[in-house]
Amino acid sequence: MQTTGLLKAGGLLYSRDLRLAFRRWEQVTQPVVFFLMVTTLFPLALSPEQAQLRQVAAGVVWVAALLSALLALEFMFRSDYEDGTLEQLVLSGQPLWWLALVKAFAHWTVSGLPLVVTSPLVAASLAVPTGAMMTVVASLLLGTGILSFLGAVGAGLTLGVRRGSVLLSLLVLPLTMPALIFGARAVDMAIMGDEPAGPLYLLGALFILSLTLGPFATSAALKVSME
Amino acid sequence: MLKGVDLDASPGEVVHVAGPNGTGKTTLLRVLAGLLPAEGGEVYWRGRSIRRDRDEYNAELAYLGHENALKGDLTAFENLHYGVGVRRDLSGTEIESTLDHLGILRCRDLPARVLSAGQRRRLAMSRILLLGATLWILDEPFTNLDVAGVGLFSTLIGDHAAAGGMALLAAHQGLDIPGIQPRLAELD
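Protein sequence lines correspond, in order, to chains A and H.
For the first sequence, our numbering gives the first residue as 1, with consecutive numbering after it.
For the second sequence, our numbering gives the first residue as 1, with consecutive numbering after it.
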């Protein structure tokens, strides 16, 4: 009997999670709809004045993206925990940190990537100049990644808690503050016409950190929650 | 919750963990599966503590809990394809013949959520069979099964033991396993 290799097991888990997500459309579209809604409200509430919108654009895009991604975070492990499939994954003989990494990546594909893809649209509606679009996309690509891999730890820890979403936000939001600061700063600098490389590099460093340490912390958190 | 429990099993043996509700049958099985750490004491597999050789132990273990561990939105076939696939390579025909064996082949392309409780239990048992593990830990495997289903599961457990495997199961009712007299471990 051939045991499944690491990559193949990861691929299977990834495709399983995507398939499950697409059979529950409303859950997939929720973050991106929220993102679009919040960012459309700002021009209506503030003023349609381009110069004024441009001033707040970086902050609005980033805060909205962060909160939308946070909305979906709770569901990363929840259903697997409730129907017992998480137990089976723990017992699968595959390293749990690897499975946690794959699940976080699948979660990002479903909830983070749509935000990245729609962000140029949102940025344009907030009068962000075309020259800054690449920075918006790049910063959100890293930022949503950070939130998924870092948030997985919180999602794992709060599994056993009923209505853990408030607790989850309290746990995860403070940890994402550095990403918010550097990300919004990068976009702001790009809008002003400056070179945004500095904060982007720092954001990249945060991403690497959460990608490499996050899965191990998540696997420990899951073990604690399942006892 | 449990104290002074001493239990062992050798190849070809079926151990029946019995006892009234709330005496810790599930707890015991979860500890044995390594899902719950024991406050004191150790679980050994092939003479080595399962805490030390987690992955080796897991590779030889098939666990069926109270929950069937099925995804309601996936079809019966997909549930096995993914659920067993993360552990070992398996072919579609293998899945189909197991589904047929368990009498649920016509549910192949139905989402698990529309199956009846008994059919879901049969599907969960298909996973146990397909995993090809040496040790089966089954928590109340007969829940929701009809008479034929109980007979079928008993035969499967008997076949597994006859092939040199071992099974630990918690059940309320007496066991009637063809060819094997289960050893009773009573909790109180």
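To be clear, the hints were calculated from the coordinates, so they are not data collected in a lab.
All C-beta atoms, glycine included, are put in the ideal place defined by N, C-alpha and C.
Do not rely on the hints blindly, as some may be mistaken.
As the list claims (entries may be wrong) - If you anchor each label on the Cβ, the simulated ranges turn out as follows: (1) Met-226(A) to Thr-23(H): 18 to 24 Å; (2) Met-226(A) to Ser-10(H): 28 to 34 Å; (3) Arg-113(H) to Ala-205(A): 39 to 45 Å; (4) Val-161(A) to Thr-23(H): 24 to 30 Å.
Honestly, do Arg-113(H) and Ala-205(A) meet the 39 to 45 Å range at C-beta?
With a Cβ separation near 44 Å, Arg-113(H) and Ala-205(A) satisfy 39 to 45 Å, so the hint holds.
Status of the given 18 to 24 Å range, CB of Thr-23(H) versus CB of Met-226(A)
Since the Cβ atoms of Met-226(A) and Thr-23(H) sit about 22 Å apart, the hinted range of 18 to 24 Å holds.
CB of Met-226(A) to CB of Ser-10(H), is that within 28 to 34 Å?
29 Å Cβ-Cβ, so the 28 to 34 Å window holds.
With respect to the beta-carbon atoms only, verify the hint that Val-161(A) and Thr-23(H) lie 24 to 30 Å apart.
holds, 28 Å
Every hint, counting from the list given before, is met by this structure.
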